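Enquirer: Spelled out from the first residue to the last, the chains are:
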Amino acid sequence: MKQIVVHQEKCTACRECEVACSFAHEGVFVPALSRIRVNDFYEEQFYLPMTCVHCADAPCATVCPTVAIQKEPDGQILVHEDRCIGCKMCLLACPFGVMGFQPEVGVAQNCDLCRNIPEGPQCVQFCVPEALEYAEVETAAAATQKIYAATIQQSLSTQQ
Amino acid sequence: MQSPYVLIGNSAAALAAIDGIRRVDRVGKIIVLNREHGPAYSRVALPYFVAGEMTLEDLLIRQRVDYERLGVELMEEAAVTGIDAAARQVQLADGRKIGFGKLLIASGSTCVVPPIRGLDSVPHHYLWTLDDARRMKAAAEKARTAVVIGGGFIGMLAAEALRKLDIRLSIVEMAPQLLPQLLDPEGGRLFAQAVFDEGVTLRLGSTVDAVGSKNGQVEVLLRGGGTLVADMVAVAAGVKPNLSCIAGGPCAASRGVLVDERMESDCVDIFAAGDVAEAKDFLSDERTIHAIWPTAVDQGRVAGTNMAGKKIAYPGSLGMNVVELFNVTLAELGRFREAPGDDVHLLAKAAGGLYRKVVVDRQGRIVGAMYLGDENGVAEMGVIHGMIKRNAPWREFADFKLPRFTYATTVHGRGRTVPVRAR
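Top to bottom, those sequences are chains B and W.
This note's numbering numbers the first residue of the first sequence as 845 and each following residue consecutively.
This note's numbering numbers the first residue of the second sequence as 5 and each following residue consecutively.
By construction, these hints were calculated from the structure, which means they are not laboratory data.
Keep in mind the model is a prediction, meaning the values are calculated, not measured.
Mixed in with the good hints, there may be bad ones.
Stated by the list, open to error - For lysine-lysine, the following DSS-like pairs were computed, each having C-alpha atoms within a straight-line distance of at most 27 Å:
| no. | chain 1 | residue 1 | chain 2 | residue 2 |
| --- | --- | --- | --- | --- |
| 1 | W | 315 | B | 915 |
| 2 | W | 146 | W | 168 |
| 3 | W | 393 | W | 314 |
| 4 | W | 141 | W | 218 |
| 5 | W | 33 | B | 915 |
| 6 | W | 244 | W | 284 |
| 7 | W | 315 | W | 284 |
| 8 | W | 141 | W | 168 |
| 9 | B | 915 | W | 393 |
| 10 | B | 915 | W | 314 |
| 11 | W | 141 | W | 244 |
| 12 | W | 33 | W | 314 |
Isolated chain B, as found in the complex (with noise of 0.2 Å):
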C-alpha cells in the first residue's frame, strides 16, 4: 500500500505539514489539530515526524468495541466518525502514540492519507525539505535498505 514515507535525515521541524494538516482537515491553522506531529529533539538537531503507520494488523482496529476502525482493501486504517463512540481504547491501544482524538467532535482520528483529497496527503505536498514522502511501502523499504547499506559501505571504506 501507498503511505506516508518519512526520511528523518531531510526533516527540519518547520511544521509546514502539520499546518498543511489541519487546514486540510479542519479548515484552520491550528498545528495542535494536525494528524502528523513532528517530535523535535533541538539539541541534538533531530526531528521526527510521526502519524498513524497503518498497521497491518492493528490494535486499534482489533480493540475497537464498535467496529468504528476498519482495515479499508487498500489497506488503510480509517475511522468511521460515525460509528465511533469516542470511548479512546484505541489510544490505549496504540503503541506508538499516534491515535488521536477531537474533543470537539468526541471522535478517535488517525491520519486519513487525505483519501478525500485528489492530490493526496497534504503534509507530503508541503513538505519544503522533501522529508515526507508518499510512497509503496515495499519500494521505500525497499530504497531504505539501500540508503542503510550505502553508510555502512561508506563507513567501511572510510575505515581502510
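Based on the hints, put chain W in the right spot on chain B.
Expert: Showing chain W alone in chain B's frame:
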C-alpha cells in the same frame, strides 16, 4: 445438527474466534449459539444508546450478511443448558442437540443480583444486555430522578448516560470510593469530586438494606439510616462469569472456566474465552479474569486459531480500561495499585491532566499506570501499554529524552510527560 466448530456466545470473544478460525480454516462450518436475539451488538456502546446518542441500528457490529459471508450459521435465542463432552454435543433449552468438533465457551458474564430486601417487588434496571438497555432507556424517558446502586464501572456508565438525559442522580457505593476496580484511593477522591461538582448525591461506604415503592416512586433504604427517593433505580452490583452451560460439568471451573495458554479447558477440544474464561494473567502468570472487551478479543482470536489446528499461545491478559465520565477521562493499565515492594512514580500534572502515576515492580519494570484528566493523556498511556507488554524497565521511560514543547503543546496544551519525582 452438527458442525466442526460451535461457539457459545455472540459477542467480542466469539466474533474474534470466528476471525481466528477463518485465518486458518476458510471453509469449515461455524455455528454461533446466541442466547439473545439478532446479530452482534456492542455492549460497550449500550450506555450511549440509553443516552440517546446512538440508535439500535448503530449498536450492531455485525449484520446478518457478515455471518453468511464467513460461512457462519447464527442460531438465535439458543440458550445452552448443558454440554456432553463424551458425545460431543451441546444441549439447548428447547431440547435440540448440536454436535461439535471443537467447542468454544464464550458465554460472557451475567449481572450479580445483590441481596437487597424488596428488590423483586420494585421495578429496577440493569445495564448489561440490549434488552436491559431498552428497558432502562424507556424508564429514563419518564424519570427526573434516579438512584444508581453501585458506583463501579457499569454503575458509573449508567449514571453518565442518565446524567446526559438531565436526570438528577444519587449514587450508592459499598466501597469508600467510586470505581474501586479502576482507580486507586487518590484517583477515586479526585473523581468523586468531579462527580460531586455535577450536583450528584454520593453515598460512599454505604450499603442498601431494602427498596420499596412509595407514591409511584422507589424508596431506597440505606443500612444505618438514610433514605433516597427517586423515579427509577439502576442496579450495578458487578458481573460474574456465566457458567450456566457447564453447570453439570464437564470442564473444570473455579470462578470461570479454567483454560491453558491455548485457551483449552481440561476437556479436550472444549475451549473458553472472554469474561467466562479464567486464563493466564500477563503480569503474575496466575489465572485470572479480566472481564473487558480487549481481553475477550485477544482470547477469542487465540482460541479460534487453536481450534482450527494452528497452535498459538496466549501471552496473558493485562487489565486496561479507559472511559470518559462526568467530563473526566480516566484510564488504567495493569497493576496500577501498588503492591508492597513496588515503586510509585507520580508524573507532573501536564495541562489538562489531574493525576498521572506509573507503578514499577521490584525488578524495575513498569507494571501499571493510571491517568485522570482530559483526553490528551490517553495516547501516552498507549505508549506505556506497549512498554508494559514488552517488559520495559522504568529507566527507559524516565531516561526517555522527550521532545521539547512545541508550538502546538504550548499554545494548545497538548499533554507531555515530565517526570518530577522518582524515588
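Enquirer: Decide, hint by hint, whether the structure agrees.
Expert: Against the structure, the hints:
no., hint, result
1, W:315 - B:915, "26 Å, holds"
2, W:146 - W:168, "14 Å, holds"
3, W:393 - W:314, "23 Å, holds"
4, W:141 - W:218, "22 Å, holds"
5, W:33 - B:915, "25 Å, holds"
6, W:244 - W:284, "18 Å, holds"
7, W:315 - W:284, "16 Å, holds"
8, W:141 - W:168, "12 Å, holds"
9, B:915 - W:393, "24 Å, holds"
10, B:915 - W:314, "24 Å, holds"
11, W:141 - W:244, "24 Å, holds"
12, W:33 - W:314, "17 Å, holds"
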